[in-house]
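In order, the protein sequence lines correspond to chains A and B. Anchor point for the first sequence: position 115 equals 115 in my numbering, and the numbering is continuous, going up by one each time. Anchor point for the second sequence: position 44 equals 44 in my numbering, and the numbering is continuous, going up by one each time.
For the record, the hints were derived by calculation from the structure and aren't laboratory data. Hints are not guaranteed to be accurate.
Repeated chains share a single entry, so a pair holds when one copy, or any two copies, can fit it.
Said to hold, decoys possible - With a Cα cut of at most 20 Å, we get these calculated SDA-like pairs of lysine to any residue:
| no. | residue 1 | residue 2 |
| --- | --- | --- |
| 1 | Lys4 | Asn95 |
| 2 | Lys152 | Phe216 |
| 3 | Lys96 | Asn79 |
| 4 | Lys71 | Val169 |
| 5 | Lys210 | Pro168 |
| 6 | Lys139 | Ser224 |
| 7 | Lys139 | Pro92 |
| 8 | Lys139 | Leu75 |
| 9 | Lys60 | Thr38 |
| 10 | Lys209 | Phe184 |
| 11 | Lys96 | Leu206 |
| 12 | Lys152 | Arg215 |
| 13 | Lys31 | Asn226 |
| 14 | Lys96 | Phe216 |
| 15 | Lys20 | Phe41 |
| 16 | Lys16 | Pro108 |
2 protein chains.
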Amino acid sequence: MVSKNQIKLIKGLQQKKYRKQHQLFFAEGIKVVQELLTSDFELYHLFTTEAVFGTFAQDKQTLITETELKKISALTTPNACLAVFAMPAPQPAPNKGLVVALDNVRDPGNLGTIIRLCDWFGIEAIVCSEACVDAYNPKTVQATMGSIARVKVAYTNLEEYLSGVSLPVYGTFMDGENIYRQQFGQQGVIVLGNEANGISPEIQKLVTKKIAIPRFGRLQVTESLNVATASAIIFSEFRRAT
Amino acid sequence: MVSKNQIKLIKGLQQKKYRKQHQLFFAEGIKVVQELLTSDFELYHLFTTEAVFGTFAQDKQTLITETELKKISALTTPNACLAVFAMPAPQPAPNKGLVVALDNVRDPGNLGTIIRLCDWFGIEAIVCSEACVDAYNPKTVQATMGSIARVKVAYTNLEEYLSGVSLPVYGTFMDGENIYRQQFGQQGVIVLGNEANGISPEIQKLVTKKIAIPRFGRLQVTESLNVATASAIIFSEFRRAT
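Okay, chain A solo, but in the shape it has when bound:
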């Protein structure tokens, strides 16, 4: 059974302020929950409609009905389980390797997709500006498909971070250099901007290398790629040479 207090708590975790207050977040669906259960995340409580995970963490597991799952789920079509985890400690912003910096990325699905891409391409750290959507937003967690367990996401003042970092800082611009003609090293910060406005003027100043993804379609049309698909192409270019 799910108690009224549990329903209230989990519903609250859809909002950032309650996630922060309780230091908890949740994930749903067998695939994502399974990945997080086998990660370093600390399980707070697991609710399942069937004994999917057997006797795993039995003292923290409650069997519930489909109707009860609907009451706590953030999904239109709830899927067998919902697990609440403790939020990990804040991550420090890294100063080496390949890092992705997000300047005001607002859409939870985009952030989740970028986290999943980082996982695929072996990029272990993301630095988010404070205005970015929260990585523990339920929609973000779902879109990562479990990759959130393997990619470190730090939140910081991006301007200060980029001012202090001793790595080349890459950013995409219409007038940047063709990414297909670059020799990318295995260290650097890749800056990605806001969905509507791109990279903000303060951050643009800190980009040391302007790059561009060439457009092959009819050139008169001013249009852009979305931030998640642009990320896929850029990360692929950085890694393909290795």
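Keeping the supplied structure of chain A fixed, place chain B upon it in accordance with the hints.
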């Protein structure tokens, strides 16, 4: 003013059967509507809350209130205008150039993103299996950001199409050849599969060249890219050499 019949018609157009029956679809928001108004699509009617488009197609334009827009909109946050267009005639499936074939892609956002990517990379034709989501689904239209006006989408029996086509047929598989080590020509069909199940067994048999996007993260984890980001990487690889 929007009449009751207009509200009923437009609400109906959220469903494929009514789009088919009326041979109409709609788009929303200034950016997308603007792109479609300047395309070959034939305007049926335009509803705006402000005179964004001036006297353009005045006889087919109705000024409405925000409250009225909410009644016809499919968006959570309606945005200034909604335009209804005639569906273009069905497209023939092409037999030359670079073609994208979608095998049971079900998510409207994914299809829209793939259409937008095709536009960016100058891929003018998509062939969809009959089980794919409809390209004129409002969510697809929105996700294309107007690219649907420039990319031809055909629906056909994909098995028959691929059996008859005289082009190399590429598909991504775990055991395919590293895409970064291929010399891709400028002709071919790139097959992309269903979100959950990948390329179906019937279609797999028709793939003449198996390719794979290498994973750079920790290899023990079985995980995949989503179909839209995988598309971005593959299209980029096909075009980067040109």
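*Are there hints from earlier that the structure breaks, and if so, what are their numbers?*
1, 3, 4, 7
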